[in-house]
Amino acid sequence: MSTISTVPFNGTPKQEKELLTVIKELEDKPGCLVPILQKAQDIYGYLPIEVQTIISDKLHIPMEKVYGVSTFYSQFSLNPKGKYKIQVCLGTACYVKSSGPIYEKLGELLGIKGGECTPDGKFSLEACRCLGACGLAPAMMINGEVYGRLTLDKLQGILDSFD
Amino acid sequence: MSDITLKINGVEVTVPQGTTVLEAAHKANIDIPTLCFLKGINEVGDCRMCVVEIKGARTLMASCVYPVSEGMEVWTNTQKVIESRKKTLELILSNHDQKCLSCIRSGNCELQAMCKDLGIEDSHFYDGERVHYDLDDSSVHLIRDNNKCILCRRCVAACEVTQGIGILGPNGRGFKAHIGCAYDVPLGDTACVNCGQCIVVCPTGALHEKDDSDKVEAALADPDKFVVVQTAPSTRATIGEEFGFPIGTDCEGKMAAALRRMGFNRVFDTDFGADLTIMEEANEFVERLTKGTGPLPLITSCSPGWVKFCETYFPEMKDNLSSCKSPQQMFGAICKTYYAKKMNIDPKKMFVVGIMPCTAKKFEITRKGEDEGKGVPDCDVALTTRELARMIKKAGIDFARLPDEGFDDPLGESTGAGVIFGATGGVMEAALRTAVEWVTGQPLENIDFKEVRGMKGIKEATYNVGGTDVNVAVASGLANARELMNRVKSGEKQYHFIEIMGCPGGCINGGGQPMVPSHVRNFEDFRGMRAKALYNNDKKKEIRKSHENPSIKKLYEEFLEKPGSEKAHEILHTHYVKRKINDINRMIK
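Protein sequence lines correspond, in order, to chains A and B. Take 19 as the starting number for the first sequence in this note's numbering and just add one per residue. Take 1279 as the starting number for the second sequence in this note's numbering and just add one per residue.
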């Protein structure tokens, strides 16, 4: 299954210019791919195919090589973050209180997998470790705000409260 | 460099400094199993099958990357070593399909053979979570089944190092690590050139050709179809390996006999198409050289993997490619025009099958504009040598005991020039045998152009042709092709004529050829052995120059007029397109 993001690419000419400057600065240094990918992610927020194509073309290395590195390190993301960033805690306390099914249900309701963003750019979903809200387990955080004592039937209502 | 003496399993061995323990053991006739090691291209010590005990070492060592040293003592078959290898295999199997009965590689799978040798039992001791991957059948030429992949990365090395392309690579990490393309798009949406070098190095059934034999069986069973088969030059030098003959056995006669017994209406030879290619290509070369009718260097276009590579990575050089179709396609085109007319057969009812050393031939038959038989494709199906071998076995033909038979006339008649097409340098030599005689008007004293023979990746020579020095170059393997093309582009050297074959060593090492297990691949010059069979075949031929082939002469008299004629151009020549390396639109689709 292709991992190309379904969120339309919104890169600006300014961002591209910035990326090309970064590539020019670093391209002659051995092992330049990781720092270039880091800077590219700083510029765009993620590493979509449009960005990896530029890097592959400019460095004259196969795109698979760029992609392989970008999927090896967890610091890199192939998907943008949504307007509302949902982080579900899979830390020990939340996990034993069934946050796993909560995470799965959210993916189902949003039609995306963990790490992805809805095509309209509204919600992104990811797992995280302890939020320090174990007393409210199972918990999740949306744009920094904690939602606790979650149950499966509460989730749709929470999603509906965002526009 | 000085020599090193060490002991392996108590036996003294002396080898040059820098030799690995694996190579030293081979010299002492001790076999160490390997799954990932490919000499020169994949020396990564990943699979841990080749581990050995070395006196003084804290742990077991990967012998494929461990250099020998003076006085070293090595044991390759202790209980500790065997237990470790068995555990490694059991761990590999814990995330492997194990559908051996239906697997295309059953019988020549390196993983299966190793499990048998080491006595692996169905204990399923390490069974746990498994990753399931969808089959990737998006390409015309191959199937990728990651459920059988053992992550040895041989295919990655073949694609990236041997071919300089890098379409396949490791994606993800840990348990989710897998081999795939950028963004895990299907292979068919990438710039893959269909060469199949990944297949021939795969130790398991994770990569294999797309089997088209069912289409051929259906045509053979159809009484309305007139089914013609043509066999590529190199296939006669390799098919025997599938039936127990030693590498380098010429089985031309047995192959023709087998095809006849399978029910083909005519058993012809692509060597005829090769001779025809020489007529057109040598003419094109002479015209470009003496009249400047096109850019120099002229570059051969027989290898569809190379052609697609050129279109993708050197699109600005596409006009340097010879406009000649490949021998397979020329043969098909003549079959469905000249021969169909001669025999009074409707070209639509004619079904042409190519037996090819090559997976890219499956792509070539789909190229636009290669359908001169009035809306029917030049060639209907391209089968690899491996597919033919399976069909022969399925048909219950005892290949080894078949008598040697000849090809049918007239499209089965060929020369020594045609047969050497199957080895790197062969097309160049064949073309020179004709072009030089055409330019000088004199018969050649010596028709062996030995400078362009051999397994070197890039070969160069200069020949004086009628007072002009002609610089020629020959490359095989696409990484070498890239290097040579960069030399051409930089203007470092002026060449007049270049032969390029997509696979290292030429068609005898094509992606559709019989599998050569790594323990042979790493230590034997199997390409040279296969090529030798073709040069011996050439030597035995009475006629060794394409333009002296009587059936070719007749073809021009009766139908094509002369090389490069309008009719020849219409039927035997093609055109090329520019392709993109990273085609986002195709990938996103």
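These are computed hints drawn from the structure, not numbers from a lab. The reader is advised that the hints may include incorrect statements.
Computed cross-link-like contacts, DSBU-like style, restricted to lysine-lysine with a CA-CA straight-line distance of at most 30 Å [what the hints assert, rightly or not]:
id: 1; chain 1: B; residue 1: 1317; chain 2: B; residue 2: 1569
id: 2; chain 1: A; residue 1: 101; chain 2: B; residue 2: 1569
id: 3; chain 1: B; residue 1: 1845; chain 2: A; residue 2: 76
id: 4; chain 1: A; residue 1: 101; chain 2: B; residue 2: 1810
id: 5; chain 1: B; residue 1: 1596; chain 2: B; residue 2: 1317
id: 6; chain 1: B; residue 1: 1317; chain 2: A; residue 2: 83
id: 7; chain 1: B; residue 1: 1454; chain 2: B; residue 2: 1626
id: 8; chain 1: B; residue 1: 1856; chain 2: A; residue 2: 42
id: 9; chain 1: B; residue 1: 1671; chain 2: B; residue 2: 1810
id: 10; chain 1: A; residue 1: 131; chain 2: B; residue 2: 1867
id: 11; chain 1: B; residue 1: 1867; chain 2: B; residue 2: 1728
Hints and how they fare:
1. B:1317 with B:1569: Not OK: residue 1317 of chain B and residue 1569 of chain B at ~46 Å, beyond 30 Å, violated.
2. A:101 with B:1569: Distance ~67 Å between residue 101 of chain A and residue 1569 of chain B Cα, so the pair is violated.
3. B:1845 with A:76: 45 Å, violated
4. A:101 with B:1810: It is violated: about 67 Å lies between the C-alpha atoms, which goes past 30 Å.
5. B:1596 with B:1317: 33 Å, violated
6. B:1317 with A:83: Satisfied, since the Cα-Cα distance of roughly 22 Å is no more than 30 Å.
7. B:1454 with B:1626: It is violated: about 49 Å lies between the C-alpha atoms, which goes past 30 Å.
8. B:1856 with A:42: Status holds; Cα separation ~27 Å.
9. B:1671 with B:1810: It holds: about 26 Å lies between the C-alpha atoms, which stays within 30 Å.
10. A:131 with B:1867: 20 Å, holds
11. B:1867 with B:1728: 50 Å, violated
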